[in-house]
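A.B. asks: In case you want the letters, here they are:
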Amino acid sequence: AQSVAQPEDQVNVAEGNPLTVKCTYSVSGNPYLFWYVQYPNRGLQFLLKYITGDNLVKGSYGFEAEFNKSQTSFHLKKPSALVSDSALYFCAVRDMGGYQKVTFGTGTKLQVIP
Amino acid sequence: GAVVSQHPSWVICKSGTSVKIECRSLDFQATTMFWYRQFPKQSLMLMATSNEGSKATYEQGVEKDKFLINHASLTLSTLTVTSAHPEDSSFYICSASEARAGLDNEQFFGPGTRLTVL
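Protein chains in written order, with the numbering used here: chain A, 227 to 340; chain B, 80 to 197.
Simulated from the structure, these hints should not be mistaken for laboratory data.
Computed from a predicted structure; not experimentally measured.
There could be a bad hint or two in this list.
Claimed, not checked - Listed next, the in silico SDA-like pairs over lysine to any residue satisfying Cα-Cα at most 20 Å (straight line):
1) A:K335 / B:P190
2) A:K335 / A:F289
3) A:K327 / B:E131
Unchecked claim - From the structure, some residues in chain B lie toward chain A, with a derived Cβ separation under 7 Å:
4) L123
5) I172
6) F188
7) G189
8) P190
9) G191
To be verified - So these bits of chain A aren't anywhere near chain B, every CB distance computed over 10 Å:
10) N238
11) D280
12) S306
Where is the CB? At the ideal position from N, CA and C, for every residue including glycine.
Generate the whole structure from the sequences, applying the supplied hints.
C.D. replies: Have a look at this one:
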């Protein structure tokens with residue numbers, strides 16, 4: 227069974243400071259990893275994904291994530307946080323096998339303080 | 080990019096009535112669509128997976144007769160909440176995947192539908 231853990235319910239960061247939202251995963255095979263952002267009463271917006279290749283993945287709105295196989299982690303990062311980045315962030319994983327089921331983490335609320 | 084729409088975006092209904100939510104892939108053919116449910120301040124829970132032209136596969140604990148899913152075409156899937164009760168109030172999100180050779184089967188999400196049952 228695949229699973230995702232987001233250990234922090236909320237992350238607070240000052241505007242302009244770097245931010246990190248943590249994610250660890252567990253799959254039986256090789257993972258597809260995703261980050262999504264959700265604003266209040268909205269659906270999910272895709273930020274970035276890792277499939278193969280470079281461990282550092284760059285995505286939308288200046289976000290990036292680093293795939294670390296040994297630590298089974300895929301932390302989301304941004305060098306300089308904006309107030310508009312405040313939202314709910316979900317990490318997700320899918321096994322590279324044929325079944326397309328995606329498992330989501332519990333979400334991390336990011337609060338950027340002006 | 081691939082766009083998925085949902086209709087309605089929000090709906091309020093009386094207890095005991097049925098509500099239909101539509102999910103459409105606007106610029107691609109979705110061979111597989113997924114329906115999720117999200118409770119306040121919680122993650123997305125997969126309810127069912129539907130493949131065009133076949134019966135949906137429901138996750139454990141999801142009532143098939145209560146949450147009817149139809150995926151009759153490559154661009155449309157519907158979720159009908161039958162005999163809705165207040166505990167069915169939730170945010171329902173669909174996603175769609177275009178399974179063609181060479182693609183990584185990425186899922187594209189709709190904007191969600193807020194259902195409130197009075």
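A.B. asks: Was the hint right that P190 of chain B lines chain A, CB cutoff 7 Å?
C.D. replies: holds (4 Å)
A.B. asks: Given a cut of 7 Å on the nearest C-beta pair, is the interface hint for I172 of chain B held or broken against chain A?
C.D. replies: holds (5 Å)
A.B. asks: Is the hint on G189 of chain B kept, meaning its closest Cβ partner in chain A is under 7 Å away?
C.D. replies: Hint on G189 of chain B: holds, closest Cβ of chain A at ~5 Å, below 7 Å.
A.B. asks: When the nearest CB of chain A is found for G191 of chain B, is that gap smaller than 7 Å?
C.D. replies: holds (4 Å)
A.B. asks: Straight-line Cα separation of K327 of chain A and E131 of chain B no greater than 20 Å?
C.D. replies: Status holds; Cα separation ~16 Å.
A.B. asks: Quick one: work out the minimum CB distance from S306 of chain A to chain B and report holds if it exceeds 10 Å, violated otherwise.
C.D. replies: S306 of chain A clear of chain B: closest Cβ-Cβ about 26 Å, beyond 10 Å.
A.B. asks: Mind checking the alpha carbons of K335 of chain A and P190 of chain B for me, to see if they're no more than 20 Å apart?
C.D. replies: Status holds; Cα separation ~19 Å.
A.B. asks: Does the closest beta carbon of chain A sit nearer than 7 Å to the beta carbon of L123 of chain B?
C.D. replies: Result: holds, 5 Å to nearest chain A Cβ.
A.B. asks: Any CB of chain A closer than 7 Å to the CB of F188 of chain B?
C.D. replies: holds (4 Å)
A.B. asks: Please verify that the nearest CB of chain B lies beyond 10 Å from N238 of chain A's CB.
C.D. replies: holds (17 Å)
A.B. asks: Holds or violated: are the alpha carbons of K335 of chain A and F289 of chain A at most 20 Å from each other?
C.D. replies: holds (15 Å)
A.B. asks: Is the Cβ of D280 of chain A more than 10 Å away from each Cβ in chain B?
C.D. replies: Answer for D280 of chain A: holds, closest chain B Cβ roughly 16 Å.
When the structure is compared with the earlier hints, no violation turns up for any of them.
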